[in-house]
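Colleague: So you can see what is in the structure, the chains are spelled out below.
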Amino acid sequence: MRTESVALSATQIMAAAASILVGGGYRQAQAGLGDEWTDESARLFEDPYSVVAVLVFPTWAELKERWPQAQASLVTAITRSISSADPKVWEGYLVLLTPSTAGPDRAILDSVRRDTSRVRKLVATGEELRHLLDVEQLLSGLLPLDVHHAQKMLPEDPLNHLPSLPALRNVPRDAIKLIVDAFRDQQPMLDRLHQARKKQ
Amino acid sequence: MRLKSVTVQGFRAFGGSAAFDLDAEAVVIVGANGSGKTSIFDAILWALTGKVMRLGGVDAPVLSMWSESGEASVQLVLGGNGGEALEVSRAYDGVRSRMTLTVGEQQVPEALANGTLIQHLWPVGLNNADASEAIAVALTRAVYLQQDNVRDFIDADSDEDRFRAISELIGAGAVTQLQAALERSRNQWTRATTTMNQDLPTQQERVQVLETELERLVSSRPEGEVSERDWREWIAACLDAGVSGREVPAWTSTAAATVADEVMRELGAVQKQLERREVELQSLSAEQSRLTLQPTMDLAELTATVGRLTEQVDASRKDLLLLRQQAAEQARLETLRADHQDDLKRLAAIAIRHLDERCPVCAQEYDHEATRNRLEALISSSQSPPEAGSSAVAVAAQALSALESELAAQQGELEKTTQVNRDWTTRVAYIDKRFADLGFGEGKGLHRGDWLASEFQSAHARLSQIRQLRSVGDRLLLERARLADSSRRSEIEKELERAKAELSGLDVAIAERETTKELATKMIDALRSAGDELVSERLRAIEPLARRIYRRIDPHPAFTNVHLKSWLLRGKGHMAPQLEDPVSQKVTDQPGLVLSSSQANAVAVAIFLAVNLGVGDLPLDAAMLDDPLQSLDDVNLLGLIDLLRRVKKERQLIVSTHDTRFGQLLARKLRPTVPGGRTAVIELRDWRPGGPQILERSVQPTERQFQVVA
Numbered sequence: 001m002r003t004e005s006v007a008l009s010a011t012q013i014m015a016a017a018a019s020i021l022v023g024g025g026y027r028q029a030q031a032g033l034g035d036e037w038t039d040e041s042a043r044l045f046e047d048p049y050s051v052v053a054v055l056v057f058p059t060w061a062e063l064k065e066r067w068p069q070a071q072a073s074l075v076t077a078i079t080r081s082i083s084s085a086d087p088k089v090w091e092g093y094l095v096l097l098t099p100s101t102a103g104p105d106r107a108i109l110d111s112v113r114r115d116t117s118r119v120r121k122l123v124a125t126g127e128e129l130r131h132l133l134d135v136e137q138l139l140s141g142l143l144p145l146d147v148h149h150a151q152k153m154l155p156e157d158p159l160n161h162l163p164s165l166p167a168l169r170n171v172p173r174d175a176i177k178l179i180v181d182a183f184r185d186q187q188p189m190l191d192r193l194h195q196a197r198k199k200q
Numbered sequence: 001m002r003l004k005s006v007t008v009q010g011f012r013a014f015g016g017s018a019a020f021d022l023d024a025e026a027v028v029i030v031g032a033n034g035s036g037k038t039s040i041f042d043a044i045l046w047a048l049t050g051k052v053m054r055l056g057g058v059d060a061p062v063l064s065m066w067s068e069s070g071e072a073s074v075q076l077v078l079g080g081n082g083g084e085a086l087e088v089s090r091a092y093d094g095v096r097s098r099m100t101l102t103v104g105e106q107q108v109p110e111a112l113a114n115g116t117l118i119q120h121l122w123p124v125g126l127n128n129a130d131a132s133e134a135i136a137v138a139l140t141r142a143v144y145l146q147q148d149n150v151r152d153f154i155d156a157d158s159d160e161d162r163f164r165a166i167s168e169l170i171g172a173g174a175v176t177q178l179q180a181a182l183e184r185s186r187n188q189w190t191r192a193t194t195t196m197n198q199d200l201p202t203q204q205e206r207v208q209v210l211e212t213e214l215e216r217l218v219s220s221r222p223e224g225e226v227s228e229r230d231w232r233e234w235i236a237a238c239l240d241a242g243v244s245g246r247e248v249p250a251w252t253s254t255a256a257a258t259v260a261d262e263v264m265r266e267l268g269a270v271q272k273q274l275e276r277r278e279v280e281l282q283s284l285s286a287e288q289s290r291l292t293l294q295p296t297m298d299l300a301e302l303t304a305t306v307g308r309l310t311e312q313v314d315a316s317r318k319d320l321l322l323l324r325q326q327a328a329e330q331a332r333l334e335t336l337r338a339d340h341q342d343d344l345k346r347l348a349a350i351a352i353r354h355l356d357e358r359c360p361v362c363a364q365e366y367d368h369e370a371t372r373n374r375l376e377a378l379i380s381s382s383q384s385p386p387e388a389g390s391s392a393v394a395v396a397a398q399a400l401s402a403l404e405s406e407l408a409a410q411q412g413e414l415e416k417t418t419q420v421n422r423d424w425t426t427r428v429a430y431i432d433k434r435f436a437d438l439g440f441g442e443g444k445g446l447h448r449g450d451w452l453a454s455e456f457q458s459a460h461a462r463l464s465q466i467r468q469l470r471s472v473g474d475r476l477l478l479e480r481a482r483l484a485d486s487s488r489r490s491e492i493e494k495e496l497e498r499a500k501a502e503l504s505g506l507d508v509a510i511a512e513r514e515t516t517k518e519l520a521t522k523m524i525d526a527l528r529s530a531g532d533e534l535v536s537e538r539l540r541a542i543e544p545l546a547r548r549i550y551r552r553i554d555p556h557p558a559f560t561n562v563h564l565k566s567w568l569l570r571g572k573g574h575m576a577p578q579l580e581d582p583v584s585q586k587v588t589d590q591p592g593l594v595l596s597s598s599q600a601n602a603v604a605v606a607i608f609l610a611v612n613l614g615v616g617d618l619p620l621d622a623a624m625l626d627d628p629l630q631s632l633d634d635v636n637l638l639g640l641i642d643l644l645r646r647v648k649k650e651r652q653l654i655v656s657t658h659d660t661r662f663g664q665l666l667a668r669k670l671r672p673t674v675p676g677g678r679t680a681v682i683e684l685r686d687w688r689p690g691g692p693q694i695l696e697r698s699v700q701p702t703e704r705q706f707q708v709v710a
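Those sequence lines, one after another, are chains A and B. Counting from 1, one number per residue, gives the positions in the first sequence under our numbering. Counting from 1, one number per residue, gives the positions in the second sequence under our numbering.
Just chain B, with the same shape it has in the complex (with noise of 0.2 Å):
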């Protein structure tokens, strides 16, 4: 694609609207400082991508301080290759940015403008992952080489950076994308597989239980055989023996298993029922010959013994009371007795400290001896207990508490044997009642001892029967589930057959998924090292291109070859530009130490152009040079323009000067040599705030291209 012309309005040092034609091989843009030229490069850059690195990559600085409209708007056309022709228009009102792209005669929806025009300029961006940020690099590094950054290449960037950026050039990210896709790839793959992995015990465990069960089946074969007669004879018995009746099933269908075993429930309800009636029987037996021995004591004679004993013990209290009475009385009267004679004894005692001829109270005369032998004998007279009153109520006690005793042991007797009594009435109902529960009937004039024994055997009997019924019944059980076994195990050989298929089938697809990812990793291994291989590969494609274009420009008397080294460091690729002296075989990696700045910026441009024509596929098949060399020596100048002359035939050129005399020079060296070539001039003066005054002239071919050789 190549540039036709550009439309600018309020943007940059454009206040108004300019109209530039581009539609030539070569465009020389001649301008002082300030005028303009460089806001027509980055016009046609914020068209292509958005963005304006150098500006910071945001909108805002693009947006012209005397924009007569309030807003900044670019119109691209481009064209050539055969393709349709492309408008794409930006604007921005200082709050967003739109952008609209008409392919040919059709607009592109808003939403898909940048891809759209990404996939007409430069398809080999979108392997990138960002493709819009890959474009602007590609055109930065390639196609435009800005003023304030020619050296950035050869001088800021590190030897990594300038392996990225060729990397990004020559669309070797695809490379990085597709080793990432990839590994991606594989990573989910390898998810997979551990899934896989997982459920590989699960049947593996499924193949050993079903081998497991197979081999128990096995084991428990049918012993003998069940015939439908023995089948359908054990149901008529169990029919006889009190089962109730149901449709019977053929022995060898999976209902019969059912029947039988609820036959063999109600079998034993049944025997359950009878073995409680034997038990009943026979305890109703022992009940009945328990009863037959009665109670013997006589209530009456017991009830009057008792009678006669309650009439003593209460005369014999009454007795006992009037005693103790008595002997209270007769203690009293010994009390006083008692204080009387100790009243005499302490009046002898002080007396007889008192004896004296006379008496000491009445001072009469006395028997002195008579009276000491009296008051002696008083003193030391005793006093004698009353005991006959106290032994009758001892004996009288006495008397009544053995009547109680033998009141309280008649009592006892009287109440046991009527208890036992009552007891006894209480069984003989009880049992009569038993009787009548198990269906003894009374009128029948059957004794009940010859009831009990003929009922007896009945029910053991029956018992015996239901017995043999149930075992039979247990046989056919067995016989009935080690037939069902039987259909199982053909069931489960079958299915064993099955999971150890799908086991080895899943063993064998697992194998098979390694070694797919074994194969993956190994690319992915050998892609980490492709990209930088190809970059490398390509640089040294590149290299022989970039020396002719340095020794055209031969900016050093020595250094006159360049080269463009590259190497693999810790799995990085790195790039550095080396200059050569081929006489004295000297070496430098870094340029812009032994070289003058001017030097140097010829370096860098010889750089930049064997990168715009060497790498191949670009989003313009164009080289736009800001005003790229100053202060460059004549012959390198004139070296630099023969270069650019020879370059206007792979390149649209676009080139800028702020040098008046030196665009001239670029306008004649330049000029088209054969009919229908345009070299186009751009003169920008005057500039004020709606833009600079603009000069557009076109330099005409020569009639005759060969002059001298006639």
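Isolated chain A, as found in the complex (with noise of 0.2 Å):
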């Protein structure tokens, strides 16, 4: 279990959570979620897609009281400024956090976090939030997907990336290409590695 310590600030995590949200593509609303909301404790941000209002609150009990308010003053900032006949209307997200630990409420955590009714809810507490790391991770859901990375480690053909494999680090990199050459022009491959060989 690893309950004992916090590792973040609340002050660090709405920072790190507005960088990621910003970087993801959203914008900061400079009107905020409301008045009753200090700029240090609850944040708005918009992108294509949805709103999503972060909000961090020094305790667990503060937050298990104060998210309803949360997503009411999450609500009325949306229909404030988007038609009921838009789509957008719907796309509400309301991000919880607390760098202070739920304890025994977990279950409250969990049915907050499963309220759909109005807005999503996205909860974490100082249980989850330990690093910068699970901040990010939390918020994923609301982020584009990045693929790219896993994509750009896959070479478009398997067999160019033959010499980098350990299996074949033993093997002389010229003579992989030249059996992968043969091998894709159909020509006999150890004619031409002996060819290849001889030359040497």
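I should point out that these hints are in silico values taken from the structure, not numbers from a laboratory. All the given hints hold, so there is nothing to weed out.
Using 27 Å as the maximum straight-line C-alpha spacing, the simulated BS3-like pairs for lysine-lysine come out as follows: (1) B:Lys586 / B:Lys565; (2) A:Lys198 / B:Lys500; (3) A:Lys177 / B:Lys572; (4) A:Lys199 / B:Lys522; (5) B:Lys572 / B:Lys517; (6) A:Lys198 / B:Lys517.
It should be emphasised that the depicted structure is a prediction, and the values quoted were computed from it without experimental measurement.
Mind docking these for me? Both chains are given alone in their own frames, and the hints should help you get the complex.
Modeller: This is how it looks when you write it as structure tokens:
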């Protein structure tokens, strides 16, 4: 169990969340979520798909108490700018964070997370938020999917990738290239290998 | 490549014809179960691969029972990626299927259609032994998540199947093909090297034979010089000795040996002829000397003696015959007399037993004593043999026998003497003839003995000359042969040099080939693991993506991490999805056993999308999900939809659902966000045998991307 320590402060969590969302294509609303929320505790973001409110509470107890109010503020903020006919009016996301732990209230936390009645909620407490990467993972559902990292590690043709494989580490690279070229050209592979060896 | 449109007729749920515009970033297909949603996915798959694996991979089930045309047909249009548009058409009339392919404006011949399609869609698939099968697997594993098989990958498939599927998707099959091709090439190489090795002993033997022959030739160097003059003088002498004339080649030419050989044969023939004459002369001389002893017996005297003796024998035989007749008569009389005497003896015996005072026959008185004496005398009298006649016959017969013996002896002597005289006459004639045959002339006044001596001397002298010539000829021929050997030695020295160079070259070539083979073997062994390493490496590359996707759906409160674990066991690659609880650090290798059905479906979808997005090169830049999630909690469902919203930026997304509410949510969530973007919604309603009622609409992009942020 990893509940005994909290590595990130509320301020750090908010700064991280804002940075991650802006990095993911979101813009931050200058107006904020409303007068009842400070900029340090609540911020409003928007991308072409959705409107996201990020709220960082100093304690779990405060989060548990004030999340309905936060939801209401988000809905108000959305309806103030988006018409009811616009599909985006349904695209509100409430991100509720706290550096403190939920402790025995995990069931309550889970029920908040599962409540999709007005907007979808993403909830995390000190149990989950220990590093910046944890904040990014929580918000990942709201961010573009980075598939290029995986794809750029995958060469188009596996045969071009052979020399870098450990299994072929002890085989000369030029020999691998020769047999791959011969294979592609449908030429006698050992003949080519032999001729190349003789030239060396 | 992305999908542009699909037109179906008589296919599965579509008895009639229906066309669907798929030219959109996202296509949402909504319809009740049985309305034809899956048929649209199947039509796409069938057009591309010619088979629908979940239907058994055979054509029959694709033909609608209510087909209005009696056949099933699909036309699929693809485009994008800057390439030419492809139009694939397949049809099945219940017996056979056919395929056409148009690339741009160019129709591809039917025989080349399938290969060309794969070439355009998935060139890496051509590395597989069965490219059609490979592309079908790739589509069903990574592009089209079938409703019936959502969890096959994590539940039904074995660890090895999963690994193999990933291997095929990333084209690692090419490594296996490369390894197999290299192995085949090495085997052919080995066979060729073995053949070369088999040539090695032959080559070595050739060198040994040449060396032995050379050694032998070195020991047979010419002993003395033979000049042209020696050669021509010998030929001239041979001609004088009776050899027939011929053209005489130079001594150094190769023809000289032939001519010398011919001359030697002729000399041999002359020698034999002379030797025979010499023997015949000697033989005749001996015959002649034996012929001087003539037979000495007088034939006339012998003939007279035989005649005289013959007459004496005849007379003696007559006398003997007369004597034998007389002896026979005398014997007959003697027999009669003896019979009479026997009778008297028997009567006397009877009478003596009956002697009385009176005669028992006539009762007269008689002299009893005298009678008894007389009777006893009769009884005791003996018969004397007639000797005189038989002894005369014996004497006469003996005399005759002696005469006959003498006659036979004289007759034999006469015959022998006659034969000796006859043989002598024949011999004389024979010797005369032999003299004539050897050339002796009677009328020349020569004495036979002198002639024979003279002829023998002449023959003997010639024979000596011939023998001398043959001896010289032998020496010439030997020298000529040594000259040939010398020439041959030079040739063999050159040939030996060549053979040694070839042998050495062969040795080097074989050694070099063995080195190449060893390198190939090393590569083959390395390639066996390289394919698996490649898959493992790619799985490691995909895993973070899979983890991010899984976390977005977030189906389980504790197992929030997914791993794509891979390992090698007995040289075979294995792969299994693992779930991890990062808080408790518990791990399960069998998600299906710890998750609910809907949660397991969510894991399966996450892995499917990770493979789809992470594998890189796929036959279609699309993700097709046929009614993927059912009974999932709202929060997880929203997570999935939010995920799909991000997926559609990377892949053309085609999602179906039987749930109208979910369909509306999909349409809204997957709406286009930029001008020119398009999301298509296809609603299938009121299915009838001809097909469902089709409603198509496009979701328009919002005018302003940002509204809250002013």
